[in-house]
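*Asks:* Chains as they are written, first to last, in the working numbering: chain A, 1 to 260; chain B, 1 to 350.
Calculated from the structure, these hints are not laboratory results. None of these values were measured; they are calculated from a predicted model. Backbone N, C-alpha and C fix where the C-beta goes; we use that ideal spot for every residue, glycine too. Heads up, none of these hints are tricks.
If you anchor each label on the Cβ, the simulated ranges turn out as follows:
no., chain 1, residue 1, chain 2, residue 2, range
1, A, Gly127, B, Thr328, 46 to 56 angstroms
2, A, Gly15, B, Leu171, 36 to 46 angstroms
3, B, Val346, A, Gly15, 38 to 48 angstroms
4, B, Val192, A, Asp22, 33 to 43 angstroms
5, B, Val346, A, Asn124, 18 to 28 angstroms
Taking lysine-lysine and the DSS-like style, the derived pairs with C-alpha atoms no more than 30 angstroms apart in a straight line are:
no., chain 1, residue 1, chain 2, residue 2
6, B, Lys26, B, Lys100
7, A, Lys8, A, Lys183
8, A, Lys3, A, Lys113
9, A, Lys89, B, Lys338
10, A, Lys111, A, Lys36
11, A, Lys3, A, Lys183
12, A, Lys89, B, Lys183
13, A, Lys18, B, Lys183
14, A, Lys129, A, Lys183
15, A, Lys129, B, Lys338
16, A, Lys74, A, Lys8
17, A, Lys36, A, Lys74
Calculated Cβ distances over 12 angstroms to all of chain A for the following chain B residues:
no., residue
18, Leu30
19, Gln101
20, Ala110
21, Tyr118
22, Ile151
23, Ile193
24, Pro198
25, Pro206
26, Met293
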Amino acid sequence: MSKNVVLKMDNVSKGFAKIETDEVTNALNQVSATMKSGEFISLVGPSGCGKSTILRLIAGLIQPTTGTITIDDKPVGEPGPDRGLMFQKATLFPWLTVWDNVAFSLRMQGKLKGNEDKVENMINVIGLKDFRDDYPGQLSGGMAQRVALVRCLINEPDILLLDEPLGALDAFTRMNMQDEILKIWQRRQQLAIMVTHDVDEAIYMGTRVLVMDAHPGRVISDITIDLPMPRDRSSREFVAYRNDILNKLHFGGTSKAEEA
Amino acid sequence: MQAQQNETGNLQELTRRQLLELEREKKTKLQLWLDLIIWLLPFAAGIVAVLEYTQIPDNSMNRNPQVYLVFLILLIVAYGVYSVVSLIALRAGNRDIIDKQRYRAPLFSALFLLLAFYDYMTLKTGILTQPFVPCLNFVINAAWSDRAMIIDCTLHTLVLLFEGYFIGVVLGLITGVTCGYSKRCRYWVDPVIKFLGPIPTSTWIPIMMVVASSLYGGAVFIIALGSWFAVTVASMTGISNVDPEYFEAAKTLGASDRQLIFRVAIPHAMPSIFQGCTQAMSSSCTAIMIAEMLGVKSGLGWYMNWSKSWASYDKMFAALFVICFIFTIVTKTLEAVKRHVLRWQVGVEK
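Only chain A is shown next, with the shape it has when bound in the complex (with noise of 0.2 angstroms):
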């Protein structure tokens, strides 16, 4: 089990300006949240809704234009090992070795030390073992993002944070992989934030889904997915969760046939 955090979200907001012209994007206005360890909670919208920008905020990846984030009441600062954050790229480092890595992390900390049965037991519940000596440009994409998944667990983080993990994966892969990320999140209960744009995955692995909608980026629903795991994607009460929130991004049947 992980350190039990509260992260506040109070009346957030970002602004980026834009290169050429006098203005600025509003990528996020006005968001306020509160998450708990034991949450997975899964960020859904469409592009420029500002889901990622509220994930590299909590990173301290960027600073909030105005309003405060807060871990246990304290701001968040510079990025750190305690926030684990996971890209849509794999970003392996590729002169390293996949042993290397992993260990990475623990090295830049001076940990790594004494800690070498834990890289080689992250490597092996990836089931890469064969592989730790090969460098990222020999991998594959479904391998390489397990690599940079346990390359940010080996810190323990209480928070984590995804930002399109799944999205570059084949429907297989990120199947397998959706199951493996859960497996992980249940075991240490931490926090878990995830960007997605893929509605059926926002429902199957998160206990709660923040709707985002754009221009400018907010959260429109903050919807609880009562539902014990492993979740059956074709029950009826998936099927209803999805269609309530595709409908929320004006995407449900009803909604679009109106629109026309």
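Following the hints, put chain B in place on chain A, whose structure we already have.
*Replies:* Frame of chain A; chain B shown alone:
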């Protein structure tokens, strides 16, 4: 024989080599004979060279004629040893070595024929006038009789080359990395590079001869300057082109600013840095020869010039071959280091 075990079609236990063996296009009998002939061709060409040297009467006076003969025979023996090694490897199941030898055989044959042709043009007919274009026997004789001096000069050249090169590369790395990383530093260094960049290194040599207190120090400076320039530009570009995603990933994994430079930026820029180092080496080789011919009183460049002024053209040519030889070795070594450091690039980008 291992290939036959797999004719059932079950490929599970297949090694890479066995797979290649299985999928290799079957050669016809004619092709196999042709391979054998080409493989043996260098022996024939070697014998042609020996016969050319021994049977055709000399056009001009020849000293110690046996030296070139021994040289030719050594070359043939070397190819023979190579063949034996290939055959042993083949019996042990490794085809790669003999395939490579077969691939190179036409070049080795051409080398022997070229030697014979050169000897014919110089010693046998004098179409290339003696002693201005000396025959190889003279060159080898000169190299052997003057070996102490040539070795001494070679060492001087190497010391000067590496002293200048390493100073230049190290300083270039320092400026390149700092400038790639810090905008403020680039602001001040960029104009210097823009101003000094277009000046070819050799332009500095006359100035050095006037300004520098010792010509040796001047030569080190010139070689270092050329290397510094190449490495600075290459590492600066390399560092400033690092994908920001790598920095973000490293930051969330707990890397400090220092570690971002040494653990992310520099390794990422390595391919570019090596490109700079290779370029620096070729500019250093040019610079050192010019420096030795114009001012420095030692080294192979000086030796060539000095032999010329004594009309010992055979020594001049001997030095030329030595220069070619050591520069090849230096470049190959650098290439090998590069291949080792950048082994992660295999299969990533071409």
